[in-house]
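First to last, the protein sequences are chains A and B.
Residue numbering for the first sequence follows our numbering, starting at 1 and increasing by one per position.
Residue numbering for the second sequence follows our numbering, starting at 1 and increasing by one per position.
There's no promise every hint is true.
Pairs of lysine to any residue residues, derived as SDA-like cross-links and limited to a Cα-Cα distance of at most 20 Å, are as follows [as the list claims (entries may be wrong)]: (1) B:Lys148 x B:Val120; (2) B:Lys22 x A:Pro50; (3) B:Lys22 x A:Gly52.
Simulated from the structure, these hints should not be mistaken for laboratory data.
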Amino acid sequence: MDQELLSDTFVDLADTMVADFDVIDFLHLLSDRSVQLLGASAAGVMLADPRGQLRLVAASSEAVRLLEVFQIEGEEGPCLETIRTGQPVIEPDLRHAQERWPRFTPAALQAGFTAVHALPMRLREQVLGGLNLFHDRPGPFDSADVRIGQALADTATIGLLHERSLRRAEVVGEQLQAALNSRVVIEQAKGKLAERRGLDMDTAFTALRRYARDNNLRLSDFAQTFIDSDPADFPGLTEPAHHRHRQ
Amino acid sequence: MPPGAEREVGGDDSSRVTRVWKLVSAQAASRRGRASVADVCAAAATSVDVSGAWVTAGDGINPGQAMCATDVVGESLAEVQITLGEGPCHDAAVSGAPVLAADLADGSGNEWAVFAEAAVRAGAAAVFAFPLRIGAIRVGVLGLYRDKEGPLDTLHLGNALILADIATMLLLDAEARQADDPLFGAPLASQSPGLAAHNAEIAQATGMLTEQLGVGIAEAFARLRAYAYAQDRRLSDIAHDIVTRRLRLEPDLPG
Numbered sequence: 001m002d003q004e005l006l007s008d009t010f011v012d013l014a015d016t017m018v019a020d021f022d023v024i025d026f027l028h029l030l031s032d033r034s035v036q037l038l039g040a041s042a043a044g045v046m047l048a049d050p051r052g053q054l055r056l057v058a059a060s061s062e063a064v065r066l067l068e069v070f071q072i073e074g075e076e077g078p079c080l081e082t083i084r085t086g087q088p089v090i091e092p093d094l095r096h097a098q099e100r101w102p103r104f105t106p107a108a109l110q111a112g113f114t115a116v117h118a119l120p121m122r123l124r125e126q127v128l129g130g131l132n133l134f135h136d137r138p139g140p141f142d143s144a145d146v147r148i149g150q151a152l153a154d155t156a157t158i159g160l161l162h163e164r165s166l167r168r169a170e171v172v173g174e175q176l177q178a179a180l181n182s183r184v185v186i187e188q189a190k191g192k193l194a195e196r197r198g199l200d201m202d203t204a205f206t207a208l209r210r211y212a213r214d215n216n217l218r219l220s221d222f223a224q225t226f227i228d229s230d231p232a233d234f235p236g237l238t239e240p241a242h243h244r245h246r247q
Numbered sequence: 001m002p003p004g005a006e007r008e009v010g011g012d013d014s015s016r017v018t019r020v021w022k023l024v025s026a027q028a029a030s031r032r033g034r035a036s037v038a039d040v041c042a043a044a045a046t047s048v049d050v051s052g053a054w055v056t057a058g059d060g061i062n063p064g065q066a067m068c069a070t071d072v073v074g075e076s077l078a079e080v081q082i083t084l085g086e087g088p089c090h091d092a093a094v095s096g097a098p099v100l101a102a103d104l105a106d107g108s109g110n111e112w113a114v115f116a117e118a119a120v121r122a123g124a125a126a127v128f129a130f131p132l133r134i135g136a137i138r139v140g141v142l143g144l145y146r147d148k149e150g151p152l153d154t155l156h157l158g159n160a161l162i163l164a165d166i167a168t169m170l171l172l173d174a175e176a177r178q179a180d181d182p183l184f185g186a187p188l189a190s191q192s193p194g195l196a197a198h199n200a201e202i203a204q205a206t207g208m209l210t211e212q213l214g215v216g217i218a219e220a221f222a223r224l225r226a227y228a229y230a231q232d233r234r235l236s237d238i239a240h241d242i243v244t245r246r247l248r249l250e251p252d253l254p255g
C-alpha cells in the first residue's frame with residue numbers, strides 16, 4: 001500500500017467534494033484511485049436504480065464498462081451479489097468460479113481478469129450500489145486492502161449523497177437519479193467529442209474531464225453546455241493538442 | 001404491445017418495463033387511440049399509489065406547457081407552477097433530477113411557500129416531479145400528486161421512473177409527427193424506453209451523430225431511431241455499429 005497516495009486520495013476526494021462538486025467526476029476519481037491504491041487492474045461503480053436494474057456510473061476503462069454491462073445483462077456476478085446481500089463478495093481465483101457465475105466468469109477471464117472483489121455501498125439498511133475491483137492476478141487479497149477498499153466504497157456513498165441533508169428519505173432517490181442522468185449527458189458529450197476529434201471513448205472522456213477541471217466547471221454542466229454549443233467554441237478541447245500551447 | 005417492444009428489452013428489468021408499458025397501452029386501447037402522455041398519466045394513477053398525474057412539455061429553460069392531466073387538481077397543479085415559476089416540477093425541469101415532496105404541509109413545501117399553499121388548497125398533500133429527459137435531451141416533466149402525505153416506496157418510485165421514460169419517448173414521437181418528416185415517423189416508444197434512456201452506447205452514438213449529421217442532440221436521436229426502424233434492427237445494435245465506426249450516417253438522407 002502506497003501510504004502517500006492513500007492520504008493524497010482522501011485529500012483529493014475531500015477537495016472534490018467541497019467546491020464545484022460533480023458526482024460522476026468524483027466516482028471516476030474514486031475508481032481510478034481504487035485501481036492505483038489496491039493493486040487492481042480495473043474498477044467500476046454500479047448503482048441500484050429503483051426501476052429494477054443496476055446501472056454503471058463510473059469505470060476506470062471502457063473494457064470494464066463492457067464487462068459490467070455484461071454483468072447487468074447476464075443478471076449474475078459479484079456486484080449483483082454484493083448489492084443483493086449488502087456483504088462484500090470476494091473471489092480470489094475466477095478460474096475456480098465457473099459454477100458460481102457461469103456467464104460472468106468466462107467473460108471476465110476473457111477480458112484478462114482472474115480475481116474480483118465487490119464491495120457494497122451502504123447507507124444504513126439500504127444498499128445503494130457497489131464498488132468492483134478487478135485483478136489480473138489471482139488473490140488472496142490483503143486484509144488491509146479490503147478495509148481500505150470498503151472505506152473507499154463508503155466514501156463513494158457519502159459523495160453520492162453530497163450536500164443534501166438526509167432529513168427526507170426521498171433525497172437518496174433524487175440523488176441517485178441525478179447521478180444516472182448526468183452519466184447519460186456525459187456519454188452523449190463523449191460521443192460528440194470522439195467523433196469530432198477521431199478519439200476513442202476513454203480518451204474523449206479524459207479530455208472532457210480535463211477541460212472541465214482546467215476551467216473550473218462541473219463535468220456534467222460542461223457536458224450539457226458542450227452538447228448544446230458549436231464545438232468550435234471550445235478550441236482547447238476540440239482541436240488537436242499540438243495546436244495548443246504546451247504546458 | 002407494438003411489434004419491437006419485446007425484442008428490444010433486455011436485462012433484469014425487462015418484465016417490469018414491459019408490465020408498465022402494457023398498462024399504458026391498455027389505456028390507449030380503451031380509448032381506441034394511439035398511446036400518448038395522457039395514457040401515461042392514467043396509468044400512473046393505477047400503478048404508483050397517487051391520486052392523479054399531469055405532464056408539462058418544456059425544455060427546462062422556457063416556461064413549460066401543460067399537455068394533459070387526469071383531473072382538475074392535476075390541471076391546477078400544472079398551471080400554478082407555470083404561472084408562479086416555482087414548485088417541484090419547475091425545479092425538476094431546471095435541475096433535470098426528480099423532486100419528491102412527500103409532505104407539502106410539513107417541511108417539504110418550504111422551498112416553494114406560494115406553490116405549497118396553493119397545492120394544499122387544491123387538494124394535494126404530496127407532489128412528485130420527474131424530469132422527462134434522455135441525457136441532454138429534455139422534453140418536459142411528469143407530475144404526480146396524492147391527497148395524502150407520505151413518500152413513494154421503492155416499487156412505486158421505480159414505476160414512476162419507468163412511466164417517465166415512456167412519457168419521454170411519447171413526447172419525442174409526438175414532436176416527430178408534428179415535424180411531419182417521414183424519417184421521424186418511427187414510433188420510438190415501442191423501442192424499449194428504458195433501454196434507450198440508459199444504454200451508454202446509444203448515448204455515445206447519439207453524440208457522434210450530432211457531428212456526423214451536423215444536427216442538435218434531439219434530432220440526432222430521432223435520426224438514430226429512424227434509421228434503426230427503417231433497417232428493422234435493434235437501436236442498441238445500430239448504436240454499437242456507430243460507436244465501433246462500422247457505420248456512419250450521412251447528412252443528406254433522402255426524405
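We went through each hint and held it up to the structure:
Annotation: proposed proximity of Lys148 (chain B) to Val120 (chain B) holds, straight-line Cα distance about 10 Å (limit 20 Å). Restraint check for Lys22 (chain B) and Pro50 (chain A): the C-alpha separation of about 19 Å stays at or below 20 Å, so the hint holds. Between Lys22 (chain B) and Gly52 (chain A), the direct Cα distance comes to roughly 17 Å. Compliance with the 20 Å bound is thereby established for this hinted pair.
Of the hints listed earlier, there is not a single one the structure fails to meet.
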